[in-house]
Amino acid sequence: MAIQSSPVSRPRGAFWNDAGVRGIVYQIVFVGIVVLVGWYLVSNTLANLHRQNIATGFGFLEREAAFAIGETPIAYSPADTYARAFLVGLINTLEVAALGIVLATILGTMIGVARLSGNWLIRKLTLAYVDTFRNIPLPLQLFFWWAMLRQAAPGPRQAWNLLPDIFVSNRGVVFPVPEYDPVQPWMALALAIGAVLTVLVRRWAKRRQALTGEQFPSGWVGLALILGLPLTVFVAAGMPFALDRPELKGFNFVGGHAISPEFTALLIGLVIYTGAFIAEIVRAGIQAVNWGQSEAAAALGLRQGHAMRLVILPQALRVIVPPVTSQYLNLTKNSSLGVFIGYPELVSIADTTMNQTGQAIEGITIIMAVYLTISLTISAGMNLYNRAVALPER
Amino acid sequence: MISASLRVPFAAVFALAATALFAVAAQAGPTLDKVKQNGIVTCGVSTGVAGFSSPDNQGRYTGLDVDVCKALAAALFGDAGKVKYVPLSAQQRFTALQSGEVDILSRNTTWTLQRDTQLGLNFAPVVYYDGQGFLVAKKLGVKSAKELDGATVCVQPGTTTELNLADFFRANKINFKPVVIEKLDEVESAFFSGRCDAYTTDASGLAGTRATKAPNPDDYVILPEIISKEPLAPAVRQGDDEWNDIVRWVVYALLEAEERGINSKNLDEMTKSDDPNVKRLLGVTPGMGKALGVDEKWAYNEIKAVGNYGEIFERNVGKDSPLKLARGLNDLWTRGGLMYAMPVR
Chain A
1 MAIQSSPVSR PRGAFWNDAG VRGIVYQIVF VGIVVLVGWY LVSNTLANLH RQNIATGFGF
61 LEREAAFAIG ETPIAYSPAD TYARAFLVGL INTLEVAALG IVLATILGTM IGVARLSGNW
121 LIRKLTLAYV DTFRNIPLPL QLFFWWAMLR QAAPGPRQAW NLLPDIFVSN RGVVFPVPEY
181 DPVQPWMALA LAIGAVLTVL VRRWAKRRQA LTGEQFPSGW VGLALILGLP LTVFVAAGMP
241 FALDRPELKG FNFVGGHAIS PEFTALLIGL VIYTGAFIAE IVRAGIQAVN WGQSEAAAAL
301 GLRQGHAMRL VILPQALRVI VPPVTSQYLN LTKNSSLGVF IGYPELVSIA DTTMNQTGQA
361 IEGITIIMAV YLTISLTISA GMNLYNRAVA LPER
Chain B
1 MISASLRVPF AAVFALAATA LFAVAAQAGP TLDKVKQNGI VTCGVSTGVA GFSSPDNQGR
61 YTGLDVDVCK ALAAALFGDA GKVKYVPLSA QQRFTALQSG EVDILSRNTT WTLQRDTQLG
121 LNFAPVVYYD GQGFLVAKKL GVKSAKELDG ATVCVQPGTT TELNLADFFR ANKINFKPVV
181 IEKLDEVESA FFSGRCDAYT TDASGLAGTR ATKAPNPDDY VILPEIISKE PLAPAVRQGD
241 DEWNDIVRWV VYALLEAEER GINSKNLDEM TKSDDPNVKR LLGVTPGMGK ALGVDEKWAY
301 NEIKAVGNYG EIFERNVGKD SPLKLARGLN DLWTRGGLMY AMPVR
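Protein sequences, first through last, are from chains A and B.
Each residue of the first sequence is one higher than the one before, counting from 1 in this note's numbering.
Each residue of the second sequence is one higher than the one before, counting from 1 in this note's numbering.
Be aware that a few hints might be false.
Derived pair list, reagent style DSSO-like, types lysine-lysine, alpha-carbon separation capped at 27 Å [what the hints assert, rightly or not]:
| id | chain 1 | residue 1 | chain 2 | residue 2 |
| --- | --- | --- | --- | --- |
| 1 | B | K324 | B | K138 |
| 2 | B | K36 | B | K290 |
| 3 | B | K304 | B | K84 |
| 4 | B | K82 | B | K34 |
| 5 | B | K138 | B | K229 |
| 6 | B | K290 | A | K333 |
| 7 | B | K82 | B | K36 |
| 8 | B | K229 | B | K82 |
| 9 | B | K290 | B | K84 |
| 10 | B | K229 | B | K177 |
| 11 | B | K173 | B | K139 |
| 12 | B | K177 | B | K139 |
| 13 | A | K249 | B | K139 |
| 14 | B | K177 | B | K213 |
| 15 | B | K297 | B | K272 |
| 16 | A | K249 | B | K173 |
| 17 | B | K143 | A | K249 |
| 18 | B | K183 | B | K213 |
| 19 | A | K249 | B | K146 |
| 20 | A | K249 | B | K138 |
| 21 | A | K249 | B | K177 |
Everything labelled a hint here was simulated from the structure, so no lab data went into it.
The whole structure should be built from the sequences, with the hints applied where relevant.
Quick look at the structure:
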């Protein structure tokens with residue numbers, strides 16, 4: 001229905017025959033129906049829950065959780081509330097998702113570029129990798145990695161000790177970490193400042209190169225800033241350094257930081273699975289770039305590596321970024337499979353809570369809201385990036 | 001007005017919405033009506049707890065909880081085969097019962113205050129008095145649960161086990177690391193592969209796991225501490241007193257039969273007995289069945305199908321089974337246990 005808005009006066013019939021008015025009326029009626037159905041569903045559900053004497057409401061979040069969690073990046077004890085338990089689950093999910101996205105991108109890009117290699121063996125091996133890991137369901141892959149990691153190493157009393165203070169057992173890899181010291185937040189601040197300065201230096205160097213043609217070693221300068229500034233802060237504070245070493249006490253290692261086999265299995269499984277998809281997307285993006293571009297780059301004397309980085313990939317990114325955004329969202333949502341292998345991420349904790357309190361609907365609502373927020377954030381970030389790197393059409 | 005070509009689709013949409021509203025508003029009838037109409041009892045069981053409800057290699061379910069459902073079907077229909085078993089994980093079990101997917105949850109579920117009140121459930125009489133324990137490998141050299149400071153413990157999520165575990169370690173001021181795995185097979189395999197130092201669940205479950213899943217049962221020991229009370233009882237939905245009563249008295253009849261000396265072998269002779277209690281129970285004197293809304297031979301059919309409580313116990317978890325558990329608390333009150341049937345009169 002086209003809305004006519006010409007300034008020329010036209011023969012006006014009854015207003016209810018006007019297509020524009022009709023369009024608005026239909027939309028109001030439709031929205032009204034949707035709201036009515038939604039309100040009815042919610043009130044019916046609440047009435048049924050009340051009739052069956054099932055508790056409702058989010059008040060349970062302030063009750064004591066009374067269950068322990070295996071991996072707690074922040075301090076948590078069974079005396080804390082359900083809300084804090086959810087927070088622990090959320091942080092575990094974000095850890096796996098963030099690391100997974102970074103590693104999957106690196107792996108996927110490498111495999112994707114390798115798929116187009118001149119070397120026959122590399123081409124075939126990467127083809128086999130992609131075809132295998134794309135086609136096996138993810139839960140099976142996770143079980144496989146988890147079983148392997150559990151069987152691979154012995155118990156903690158016979159743990160492998162290849163490097164001093166680093167132990168590998170079937171409870172995970174445990175290694176020493178520096179103990180907390182007040183200088184560390186300052187070092188983190190120095191790192192952030194170094195990163196910002198690096199970005200500014202690069203921008204300045206690019207502008208200078210565009211004007212004068214002289215290159216500037218902004219990469220090395222950036223590295224020096226990022227490593228050097230925190231180091232300066234550290235030295236200035238008198239080099240306070242103490243290691244928290246893991247020791248075998250009784251059943252397990254105490255101290256240091258442990259990476260559990262559940263976390264490792266989930267991370268490896270997700271990275272390899274999503275990496276296979278990203279590899280194909282990267283390959284498609286590269287092949288979408290006009291062959292003339294790489295010929296022209298070669299004619300200009302650019303090395304293969306430079307041609308890929310400066311000519312092909314920037315154009316390929318336009319094709320690559322939207323599907324890769326979907327893969328990032330898939331990876332985040334697939335991290336919910338951690339509940340099968342014992343990794344205490346958000347869905348696992350929500351499941352336990354739902355079972356203990358009986359409030360399944362509130363629990364599912366929380367899970368949905370959290371995943372929706374994470375997914376929308378990732379999409380928004382990637383869309384911003386997409387617009388930033390998008391080359392204007394010729 | 002709205003043109004003729006659009007009138008029909010709009011009318012259809014409105015009619016559909018209206019019927020949808022009315023259809024959803026219709027109430028579900030009481031459980032007994034539904035069960036009688038379908039001719040089958042839908043019984044929620046576990047995914048494989050040895051001795052309570054586990055499928056054999058042909059997919060047939062056996063166990064103590066399974067026998068309770070068989071008794072219920074026999075009491076209602078005279079045929080213990082009229083049961084549909086729905087395997088449920090610990091996470092799914094309550095939602096399945098609340099939503100009406102199963103009529104009775106016979107799944108070694110502990111009777112607790114929160115479950116009785118906030119989940120909208122009612123519990124039938126306890127069929128097994130259990131307690132939570134720990135299973136450890138003998139080679140760890142642990143003699144008591146209080147020596148488990150710093151241990152890794154395998155546990156299933158969403159169970160009272162998880163909560164009791166945290167409470168026990170808190171009360172004794174020792175620490176532990178939980179490894180929480182949902183599927184029963186996976187948690188048992190994680191324990192036997194050495195991922196955890198200890199496995200905790202009800203003591204009957206530990207006995208079943210050790211007897212059936214351990215590579216060498218003699219390498220494992222159940223620690224002496226029983227850290228909680230776990231009265232296992234079947235559960236039904238709140239708001240259906242008729243169904244609740246039937247399930248309750250089906251269980252009591254099994255206990256009453258053992259108390260009166262009735263078992264599946266002497267059942268027919270007992271129908272000729274002069275004892276008025278026996279005559280009332282077996283339906284020779286009518287009245288009990290009518291009061292419950294079932295056939296007069298309800299108790300007779302039950303016992304014929306599965307035997308009395310003692311037979312059920314010995315066959316599934318007692319001396320005739322791999323678990324070899326003693327009656328202990330689950331013996332009749334006349335022999336010092338806790339099993340006490342209300343009078344069937």
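Against the structure, the hints come out as follows:
1. B/K324 with B/K138: Between B/K324 and B/K138 the Cα gap is close to 20 Å, so the pair holds against 27 Å.
2. B/K36 with B/K290: The hint holds at about 15 Å.
3. B/K304 with B/K84: Answer holds: B/K304 to B/K84 is near 20 Å, not above 27 Å.
4. B/K82 with B/K34: With Cα atoms ~14 Å apart, B/K82 and B/K34 stay inside 27 Å; holds.
5. B/K138 with B/K229: holds, 25 Å
6. B/K290 with A/K333: Distance ~55 Å between B/K290 and A/K333 Cα, so the pair is violated.
7. B/K82 with B/K36: holds, 11 Å
8. B/K229 with B/K82: violated, 33 Å
9. B/K290 with B/K84: holds, 26 Å
10. B/K229 with B/K177: holds, 23 Å
11. B/K173 with B/K139: holds, 25 Å
12. B/K177 with B/K139: The hint holds at about 20 Å.
13. A/K249 with B/K139: holds, 16 Å
14. B/K177 with B/K213: Roughly 23 Å separates the two Cα atoms, so the pair holds.
15. B/K297 with B/K272: holds, 14 Å
16. A/K249 with B/K173: With Cα atoms ~16 Å apart, A/K249 and B/K173 stay inside 27 Å; holds.
17. B/K143 with A/K249: holds, 17 Å
18. B/K183 with B/K213: holds, 14 Å
19. A/K249 with B/K146: It holds: about 15 Å lies between the C-alpha atoms, which stays within 27 Å.
20. A/K249 with B/K138: Between A/K249 and B/K138 the Cα gap is close to 18 Å, so the pair holds against 27 Å.
21. A/K249 with B/K177: With a Cα-Cα distance of about 13 Å, the restraint between A/K249 and B/K177 holds, given a limit of 27 Å.
Hint violations for this structure: numbers 6 and 8, all remaining hints satisfied.
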